[in-house]
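Trainee: Here is what each chain is made of, one letter per residue.
There are 2 protein chains.
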Amino acid sequence: MDRTALIEAARGDRPLDLAITNVNLVNVFTCEIYPADIGIFGDRIAVVGPAGAYDLEAKETIDGMGKWAAPGFVDTHVHIESTMVTPASYAAAVLPFGTTTSIIDPHEIGNVLGMDGVRFMVEGSEGLPLRVYTTISSCVPAVPDKETAGADFGPEEVAEMLTWPRVIGVAEVMDYMGVVNASPKMVGIVQAGLDAGATIQGHSPLLMGRDLNAYLAAGIDNDHELRQGDEGLEKLRLGVLPLLKVSTYGNYARNIVPTLKSAPFLDIALCTDDIEPADLLKNGHMDRVIREMLWHGIEPAVAIRWASYNGARHYKLRDHGAIGPGYLADIILLSSLEEVKTSEVFVGGKMVVQDGKLIEPIEEPPTTIKIENSVHLRQPVSVEDFKIKAPIKEGTVNVNVMVLEPSRLTRLETVPAQVRNHEVDPASLGEDVCYLSVVPRHGQQHPPVVALLKGLHLRHGTLATTIAHDSHNIIITGHRPSDMVIAVQELEKCGGGIVIVDEGKVLGKVELPLAGLMSLKPVSELAVEMEAINETAKSLGIDHRAQALAISGLALTVIPTVRISDLVGLLDVATQEPIPLFA
Amino acid sequence: MDRTALIEAARGDRPLDLAITNVNLVNVFTCEIYPADIGIFGDRIAVVGPAGAYDLEAKETIDGMGKWAAPGFVDTHVHIESTMVTPASYAAAVLPFGTTTSIIDPHEIGNVLGMDGVRFMVEGSEGLPLRVYTTISSCVPAVPDKETAGADFGPEEVAEMLTWPRVIGVAEVMDYMGVVNASPKMVGIVQAGLDAGATIQGHSPLLMGRDLNAYLAAGIDNDHELRQGDEGLEKLRLGVLPLLKVSTYGNYARNIVPTLKSAPFLDIALCTDDIEPADLLKNGHMDRVIREMLWHGIEPAVAIRWASYNGARHYKLRDHGAIGPGYLADIILLSSLEEVKTSEVFVGGKMVVQDGKLIEPIEEPPTTIKIENSVHLRQPVSVEDFKIKAPIKEGTVNVNVMVLEPSRLTRLETVPAQVRNHEVDPASLGEDVCYLSVVPRHGQQHPPVVALLKGLHLRHGTLATTIAHDSHNIIITGHRPSDMVIAVQELEKCGGGIVIVDEGKVLGKVELPLAGLMSLKPVSELAVEMEAINETAKSLGIDHRAQALAISGLALTVIPTVRISDLVGLLDVATQEPIPLFA
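Here the protein sequences come in this chain order: A and B.
Sequence positions in the first sequence follow our numbering and run 1 to 583.
Sequence positions in the second sequence follow our numbering and run 1001 to 1583.
For the record, the hints were derived by calculation from the structure and aren't laboratory data.
These figures come from a predicted structure and were not determined experimentally.
Be aware that a few hints might be false.
Stated by the list, open to error - Listed below are the simulated SDA-like cross-link pairs for lysine to any residue, each with C-alpha atoms no more than 25 Å apart in a straight line:
#1 59/A to 1146/B
#2 261/A to 1262/B
#3 1341/B to 1421/B
#4 1370/B to 1033/B
#5 493/A to 520/A
#6 350/A to 372/A
#7 1316/B to 364/A
#8 1185/B to 260/A
#9 59/A to 123/A
#10 1316/B to 521/A
#11 316/A to 1188/B
#12 370/A to 350/A
#13 493/A to 525/A
#14 316/A to 1160/B
#15 282/A to 318/A
#16 1454/B to 1504/B
#17 1185/B to 282/A
#18 282/A to 194/A
#19 1316/B to 160/A
#20 350/A to 160/A
#21 509/A to 383/A
#22 316/A to 194/A
#23 261/A to 1181/B
#24 1316/B to 313/A
#25 1185/B to 525/A
#26 1261/B to 263/A
#27 1316/B to 561/A
#28 1316/B to 14/A
#29 1261/B to 42/A
#30 521/A to 318/A
#31 1146/B to 1380/B
#32 1282/B to 1357/B
#33 316/A to 1282/B
#34 493/A to 406/A
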């Protein structure tokens, strides 16, 4: 960047490259909105002034009359993998909604491919029109020794990755009890971030009181997992920057904003965390989070400040997130302020979205990482793997069943089950109970674990996926072991994805060859596939949010109350102790 | 710092070192004030909670009932040299007023001693109970080629000093027209700061419009030289962080705050810039700036946020400027919130001020810099050096006279003067006109420059000082060349300071052996000496603010309208062209 030429253009001794005139400027420094002209030179903003004040001379002038100019949105915490595409496809999908900077946590692909996975995301986002900054996943696996992921990041690995380009933070420190208990691993990982001058992302749903103080004393900067108003206010008071979110999995901001608004001073940031493909196309991205703020009565300029400048500043991203001289010319034009409707997007002074549409396709950057089938089974699965062996030959035993709630939380239920020929018969527990299994797929040498699941409302058939947070083994639920075998075989063959099988037939499949998590297709195509498989899941009875992915969190050993892990089967999340199958 | 032990203390599994209970917490995150308990372990805050919530177990407990706890103040821009003492003495003086972090610009000593001067300040502030961070002076000398300082810092020197410990920024970029005109030197210096990830301090009084845009496009982050409301608001809108100040030289905030308050969102920072010893002891420090904010109706918690957290965050000083778990335990207790009256000060958890008094003396840190007499004259001065040679032998000539206004600004006046035997007779212009000279003292090989000064109201005698911003040659004004010679000899002998001579006698002297700028005495002693010499200056007629230092800005070539430089004599600041003595 030629700073001298920029200065000359700013003062008026060199023509600007682009002027956007008579536009309603959303000034995120003062939270005012007023008519203004913006002059751009190269990839930066050179001059900003009241409309008509400077009679800007530029090679190209765009009349912004009737539109609003805002800084491109800065998403402060997001997993691209949740949108199930590559960074390039992701960029193509989110830019039309006004997001120009994404601070990503590649912990899904990191759990499968390890440091290679993180490197793939860093390389795969190099030079995109979306500015991608990476935070280094701190909890791979989510909880040590309780599950098997494809990798294990300790302080050394994290420290090494913190030196990679465009790496600016340590990603959500989810093992918050590890931090509260000062486990050497978690303290070491946070310290690696502090030593690197990185921002440390928190993740501590419902944590309050002295444990919260202990968590923060470790060096945590922010939290996107606020669940309740009182929790949010307590965190705010203790210096946490709330990153409020609306994601595919819920409107987490709704309960919290009213309480946060009671603080005399509130200046926070926003994020999306996880957005599935169809949800993204239908409901938007950071613009949706801003609309949620407007719903709460937050002034548009304030909400946009939260969605741009504050995140940039929090992560020390100099010159990002605002419209002022010297800032990067990442500017969006809104055709409606109330609806937060983006019409044009400029990144580094180049128009990349016009009339809400991407102008040109975005090419995949080259990568040094070779993408191979990541589904590594110890040996082919058989129907025997999914049967539940009982301690008696015939009769009744009490079994512990995981119950999935509509909230995606879980609980334990103990019920009497029929045993026939040493095998528990799930059908004896009613149509709503089926097998639940985790099939190791990172080359582990142990067999699948099996348990029972209730509450999914799967009436028949089998649903399986390699998206099984966070270790991403295969999670599978079904009524018939023979269908379950077919489902696993399908996933093994295509390198992972989502599959639905019923009565020996594959009813639906979404292939996700990249780590079993992501497709090489664009979001628009993937959204169609996802909608189709979701319809199939629904037709089999699943009435949960994110139908075909309703089971993808059942192996996530940090979310209450009961989960399943490849190492121990059913797990009590609070105590991290195994739960026996038979009560 | 043992992070594990801190976490344990925070969660309650290890006794705290100190608890401050039942105190009114000034929460700078939310701008609330409420009763709270604060637990400290080692040098950090471990736990903060509502009063009584956690029943804190600590080795020592202080009852904070009836007091307010606030973060120690962060001064965002200050020259310790203006207080004319070493960093250790400065720390002893400002800590009782609640300042615990100072972001210094050592450009006075830098102008005299060059990089050695900067290093002296860095070394001399190591390990003090006051946390001192250094910004590297960007304009040494203030304007290139127009004056001679003891050093010349280019981009390389600045880049090197930016690597020194506790260096966090580039100091006030005063040569704003150099930046606006994209001079390679100034662009290079700012770029060195950007490359180092440093914060870049602005200094652009009254700069507005496209020139301001050009200045900011270079990469400027803040400005402490706002002079008018409209200028302040324009800067705020363009992304400048205003650092509002009240200094010995004026209440710069008074005119600006009412206009800034009109912005819907305002979240700025505060500084002191220059405080002379007696003024400091009498009127305070950052507490005075906060009182100014309260005068404008700013809420106390907001004003304290501006005086602590915002500056820390702006300079990326992690864990400074707030009371929250993990933050440095730099806490002050106020006995009056309205008066911002500090009673106790804790730095890193240690009490250093009690009942408003420093508990123990502060030792000078060791330094590798040898402090020698810095007054280097080419040759002894003589009475001939101060006479003004006229182009005629006898009669009348029109002379250009610098007029000093009560505002400290200057203007030019052309008046007819009597010439006798080829010499201009100042007495012919009235009692209020006297000689004004800059005597080179950095070993320059040219003689003193001489001109005429009006408006100081010095009725007789001579006033001279080595404090002559920013190059710190000797500036001297007087009615009789013979007195002026004695004054210069006195300064040469003692290594600089301030001296008043009348009729051959030294009436007053303050010795400043450290670079001719600073004393080795404590502020309390120096304040007495300064008050004495100010009284002497007053007795000779000087009725300006900062009496004995009323002339110390007359060689500052960046302040309107007319100044005097060792290289060219009278100088037009706007054009940077010499002004001839005879019109």
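Trainee: Evaluate each hint against the coordinates.
Mentor: Evaluated hints:
1. 59/A to 1146/B: violated, 39 Å
2. 261/A to 1262/B: holds, 21 Å
3. 1341/B to 1421/B: violated, 62 Å
4. 1370/B to 1033/B: violated, 48 Å
5. 493/A to 520/A: holds, 16 Å
6. 350/A to 372/A: Outside the cut-off at roughly 35 Å; violated.
7. 1316/B to 364/A: violated, 35 Å
8. 1185/B to 260/A: Given pair residue 1185/B, residue 260/A is violated - Cα atoms ~48 Å apart, limit 25 Å.
9. 59/A to 123/A: violated, 34 Å
10. 1316/B to 521/A: Roughly 41 Å between the alpha carbons, so the hint for residue 1316/B and residue 521/A is violated.
11. 316/A to 1188/B: holds, 22 Å
12. 370/A to 350/A: Violated, at roughly 32 Å.
13. 493/A to 525/A: At roughly 21 Å apart (the allowed maximum being 25 Å), residue 525/A and residue 493/A satisfy the hint.
14. 316/A to 1160/B: Holds, at roughly 23 Å.
15. 282/A to 318/A: violated, 32 Å
16. 1454/B to 1504/B: holds, 22 Å
17. 1185/B to 282/A: violated, 53 Å
18. 282/A to 194/A: violated, 39 Å
19. 1316/B to 160/A: With a Cα-Cα distance of about 23 Å, the restraint between residue 1316/B and residue 160/A holds, given a limit of 25 Å.
20. 350/A to 160/A: Not OK: residue 350/A and residue 160/A at ~34 Å, beyond 25 Å, violated.
21. 509/A to 383/A: holds, 21 Å
22. 316/A to 194/A: holds, 14 Å
23. 261/A to 1181/B: violated, 46 Å
24. 1316/B to 313/A: holds, 10 Å
25. 1185/B to 525/A: Violated, at about 54 Å.
26. 1261/B to 263/A: holds, 19 Å
27. 1316/B to 561/A: violated, 39 Å
28. 1316/B to 14/A: violated, 34 Å
29. 1261/B to 42/A: Outside the cut-off at roughly 35 Å; violated.
30. 521/A to 318/A: violated, 33 Å
31. 1146/B to 1380/B: holds, 24 Å
32. 1282/B to 1357/B: At roughly 15 Å apart (the allowed maximum being 25 Å), residue 1357/B and residue 1282/B satisfy the hint.
33. 316/A to 1282/B: Measuring from Cα to Cα gives roughly 39 Å; hence the hint is violated.
34. 493/A to 406/A: violated, 32 Å
Against the hints set out earlier in the document, violations occur for numbers 1, 3, 4, 6, 7, 8, 9, 10, 12, 15, 17, 18, 20, 23, 25, 27, 28, 29, 30, 33, 34.
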